[in-house]
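I would like the entire structure built from these sequences, with the hints used as guidance.
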Amino acid sequence: MINKENNCIHHQIADGEDLLVLKNVYKNYGSVEALKGITLVAKKGECLVILGPSGAGKTTTLKVIAGLESVKSGEVYFQSRFINNLEPKERNVAMVFETYALYPHITVFDNLASSLYALNVDEKSIEERVRNIATMLGIHPFLDRRPGFLSGGQRQRVALGRALVKPVELYLMDEPIAHLDAKLRYQMIGEFKHLQETLKISLIYVTHDWREAMSLGNHIVVLNEGVVEQYGTKEEIFKRPINTFVAQIIGDPPMNLMKGKIVHRGKKSVFKSGDIEVELKENLEEKNVILGVRSSKIHLASSSGNNLIDAEVYSSGRHGMNTVVSLKIGNEIFKTEFRSYQKFEIGQKISIQLDLAGACLFNEDEGFICVLGE
Amino acid sequence: MKMRDSFAYLGNNMEKLVLENVYKNYGVVEAVKDLSFSVEDKEFLTIVGPSGCGKSSTLRMIAGLEVITSGHIILDGQKINDIRARDRDIALAFETYALYPHLTAFKNLAFPLQTKKMSKKEIQERVEETLALLHLGKYKNMKPGELSGGQQQRISLGRALIRQASIYLLDEPLSHLDAQERVDLRVQLQRIQKLNELTFILVTHDQLEALAMSDRILVMNDGRLQQIGTPEELYDNPVNLFVADFIGEPPMNFAHGTLVANRGKKLTVRCEEKAFDIPKSLTPGKDLASYINKRVIMGVRPEYIHLCQKSHPSAIDGRVYSYEDLGEIGYLMVVCNSEKFLIEVESGVSYKMHEEVFFCFEEKRICMFSEENGLRIL
Chain W
12 MINKENNCIH HQIADGEDLL VLKNVYKNYG SVEALKGITL VAKKGECLVI
62 LGPSGAGKTT TLKVIAGLES VKSGEVYFQS RFINNLEPKE RNVAMVFETY
112 ALYPHITVFD NLASSLYALN VDEKSIEERV RNIATMLGIH PFLDRRPGFL
162 SGGQRQRVAL GRALVKPVEL YLMDEPIAHL DAKLRYQMIG EFKHLQETLK
212 ISLIYVTHDW REAMSLGNHI VVLNEGVVEQ YGTKEEIFKR PINTFVAQII
262 GDPPMNLMKG KIVHRGKKSV FKSGDIEVEL KENLEEKNVI LGVRSSKIHL
312 ASSSGNNLID AEVYSSGRHG MNTVVSLKIG NEIFKTEFRS YQKFEIGQKI
362 SIQLDLAGAC LFNEDEGFIC VLGE
Chain Z
941 MKMRDSFAYL GNNMEKLVLE NVYKNYGVVE AVKDLSFSVE DKEFLTIVGP
991 SGCGKSSTLR MIAGLEVITS GHIILDGQKI NDIRARDRDI ALAFETYALY
1041 PHLTAFKNLA FPLQTKKMSK KEIQERVEET LALLHLGKYK NMKPGELSGG
1091 QQQRISLGRA LIRQASIYLL DEPLSHLDAQ ERVDLRVQLQ RIQKLNELTF
1141 ILVTHDQLEA LAMSDRILVM NDGRLQQIGT PEELYDNPVN LFVADFIGEP
1191 PMNFAHGTLV ANRGKKLTVR CEEKAFDIPK SLTPGKDLAS YINKRVIMGV
1241 RPEYIHLCQK SHPSAIDGRV YSYEDLGEIG YLMVVCNSEK FLIEVESGVS
1291 YKMHEEVFFC FEEKRICMFS EENGLRIL
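So the sequence lines, in the order shown, correspond to chains W and Z. Position one of the first sequence corresponds to residue 12 (our numbering), numbered consecutively onward. Position one of the second sequence corresponds to residue 941 (our numbering), numbered consecutively onward.
What the hints contain is simulated information worked out from the structure, not anything from laboratory work. Any given hint might turn out to be false.
[Stated by the list, open to error] Cβ pair distances, simulated, as ranges:
| hint | chain 1 | residue 1 | chain 2 | residue 2 | range |
| --- | --- | --- | --- | --- | --- |
| 1 | Z | 954 | W | 115 | 50 to 58 Å |
| 2 | W | 35 | Z | 1251 | 54 to 62 Å |
| 3 | W | 95 | Z | 1252 | 57 to 65 Å |
| 4 | W | 366 | Z | 982 | 31 to 39 Å |
| 5 | W | 229 | Z | 1311 | 34 to 42 Å |
| 6 | Z | 1287 | W | 288 | 26 to 34 Å |
| 7 | Z | 1040 | W | 130 | 53 to 61 Å |
| 8 | Z | 1065 | W | 279 | 44 to 52 Å |
| 9 | Z | 1296 | W | 42 | 58 to 66 Å |
| 10 | W | 277 | Z | 1065 | 47 to 55 Å |
| 11 | Z | 1214 | W | 43 | 52 to 60 Å |
| 12 | Z | 977 | W | 115 | 55 to 63 Å |
| 13 | Z | 1251 | W | 114 | 52 to 60 Å |
[Claimed, not checked] Calculated pairs, SDA-like style, for lysine to any residue (alpha carbon to alpha carbon, straight line, at most 25 Å):
| hint | chain 1 | residue 1 | chain 2 | residue 2 |
| --- | --- | --- | --- | --- |
| 14 | W | 211 | Z | 1156 |
| 15 | W | 194 | Z | 1115 |
| 16 | Z | 1214 | W | 149 |
| 17 | W | 194 | Z | 1011 |
| 18 | W | 204 | Z | 1287 |
| 19 | Z | 982 | W | 331 |
| 20 | W | 211 | Z | 1278 |
| 21 | Z | 982 | W | 353 |
| 22 | Z | 1057 | Z | 1085 |
| 23 | Z | 1214 | W | 147 |
| 24 | Z | 1134 | W | 343 |
| 25 | W | 194 | Z | 1246 |
| 26 | W | 204 | Z | 1243 |
| 27 | W | 360 | Z | 1123 |
| 28 | W | 194 | Z | 1314 |
| 29 | W | 54 | Z | 1270 |
| 30 | Z | 1292 | W | 198 |
| 31 | W | 292 | W | 363 |
| 32 | W | 360 | Z | 1290 |
| 33 | W | 55 | Z | 1267 |
| 34 | W | 194 | Z | 1191 |
| 35 | Z | 973 | Z | 1011 |
| 36 | W | 211 | Z | 1270 |
| 37 | W | 194 | Z | 1040 |
| 38 | W | 339 | Z | 1290 |
| 39 | W | 339 | W | 356 |
| 40 | W | 194 | Z | 1068 |
Predicted model only: the values in this text are computed from it and were never measured. The beta carbon of each residue, even a glycine, is placed where N, CA and C say it ideally should be.
Here you go:
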């Protein structure tokens, strides 16, 4: 396996803009290792997304940052200050959980203001700050109502507002929109993005949804089973995934993978998988590899061209105005979307072309080799 | 209420199942109202709608688990209103799994076959085949209690599919699966249905699932049929505001305004300070006179809005509210008047917050609805 703990992070830790740094953090629950050497950096004024499947250690990482969980070993720095032993309330962070836990018996205004009352802020400043945040979130018409009279989406915005009203250096959000319905999520992602960029707040955002990660993250850290698979800008994560796990966590349909090998044909290098041969522009050494191709790079072959590949339709359906198709190519099932209404029958033979610009090659052990066509 | 003779359907091979003016009341609550539709032989029909829309009640009436209040249900040309559930030639899979807890996965699947006098070898083969299709091979000797919710749900689905029946009714069969499993099983379900030429009626609340698998989709809301059609028809030609809003993700954009007739009979929708022209190509044969000066709602999907130059004849100006780059496509949220439009754009472009941008609607893709009753008027 590749070295997951140290990839491309350390040069960034030296950066002056770093707000929060985790260095080699371990956390155990009894004999279960929840975090196994997490290293990451959250920068000031940016959104860092922690992305991973369930059980990856996302929420545990967030709790360690908030001070709600102690660490077994490793260091937590906030504004260059070692804070392992600091109580949650001394940490200058505010956290929004997936369940919104509003006070049901007081108004939306008081829910928003509750964190300021405790801080001895004068009444006029409270009023002003609450109204500003409420307006930005579109909940200003409901300030006099109690949470029970609001819809799920409105309540979620109140919970968000309650965290944002608190003047802190870093906001922590754990799947804040996961249980809203799909349509509302689209709207909320736009709102989040607007809010984060307008207020230039620093934010760490936990999600299992790649779309939220790509939409909101300036940097993304991909976690899996308590280990950092990759830390990078969202462009790096998307274009240069460090292994097949990261390659497949982003995108719908996810990146298609095909096992094969690089062979030489004269002076050319060719990717070969069963009967399929695709000529490459690069000169590469002969070895077993995995080719990764994103859905948008698979095209229906219109005429006779180079690198045609025979495929059999395995299933097909609609995704909005796109046609989603599973294709049997050799022994692999590729999933792709064509940008038009196409009618396919199961078992139909078609011919496709792979656009290899931007495709990724991985070693057999799943580690990244290169991006093709760069 | 219209009464038709069910004989009309005898000998018509295309119609597998017909519902005629079916009502279902629970006390004073009307759960299903005047529902009529037919399912063709070898068709994959999905009934979709929000919770409480009457979709599960409809399926349960077809199955014979609920008595219908009035109307007719005709299966294979025969009226089945009064036929008991177990005597109907129907296979069922429900969201709750109802597996035999003391039997292994294998035996749970084999059970419905043992009552059909099949040879042991044949049963063995069919069970193994079905387990493989549903990715359950390695769990065959485990009992339901040892399996996850998703695995139990797949066994329940397998137990319905392994039977030979005239029609298969599946109620939210993928609801307990995780995202990846769900996508895989959509593919498998479609293959099982098409390759074995089965007739499926599937119920779901998830419109993405409906679009991904079905030949036709029936949209229900508030106990009533809203629209029945192919995925393309529902996506591009919704009959009312409900269907337009329910189908599609990200959702359709809506702009609220007043329909105004200008000189030369040119129609525009006035929304606050902006006026959206109605392309002349849309209006022939449409009588919109009764909607002039009334409130209307324009609807356009994110894929059918394009950025354009200021000089474009129907350019609308707005300001950038947020931009998401998803790697292969991007979504730009633009504020125009007090409404926000989500526009699908190319990825890899950067936009400044509050930057002025111009966009236009793809002419043929503009929908217009009456604000009063939600009906599509254009």
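Distance restraint hint 34 to 42 Å, applied to the beta-carbon atoms of residue 229 of chain W and residue 1311 of chain Z: holds, 41 Å
Given hint residue 1191 of chain Z paired with residue 194 of chain W - CA-CA distance at most 25 Å: holds, 6 Å
Pair hint residue 211 of chain W and residue 1270 of chain Z, alpha-carbon separation not exceeding 25 Å: Between residue 211 of chain W and residue 1270 of chain Z the Cα gap is close to 21 Å, so the pair holds against 25 Å.
Hint consistency between residue 1292 of chain Z and residue 198 of chain W [alpha-carbon to alpha-carbon, up to 25 Å]: holds, 19 Å
Given hint residue 149 of chain W paired with residue 1214 of chain Z - CA-CA distance at most 25 Å: holds, 22 Å
25 Å limit on alpha-carbon distance, applied to hinted pair residue 1214 of chain Z and residue 147 of chain W: holds, 23 Å
Given pair status - residue 356 of chain W, residue 339 of chain W, alpha carbons within 25 Å: holds, 13 Å
Whether the CB-CB distance between residue 1287 of chain Z and residue 288 of chain W falls inside 26 to 34 Å: holds, 31 Å
Pairwise hint evaluation, residue 1068 of chain Z against residue 194 of chain W, where the allowed Cα distance is 25 Å at most: Status violated; Cα separation ~40 Å.
Given hint residue 1290 of chain Z paired with residue 360 of chain W - CA-CA distance at most 25 Å: It is violated: about 40 Å lies between the C-alpha atoms, which goes past 25 Å.
Cβ separation of residue 1214 of chain Z and residue 43 of chain W, checked against the hinted range 52 to 60 Å: Roughly 58 Å apart at Cβ, these two residues keep to the hinted range, so it holds.
Satisfaction of hint between residue 1267 of chain Z and residue 55 of chain W, Cα-Cα up to 25 Å: Distance of about 24 Å is within 25 Å: holds.
The earlier numbered hints that this structure contradicts are 12, 14, 17, 22, 32, 37, 38 and 40.
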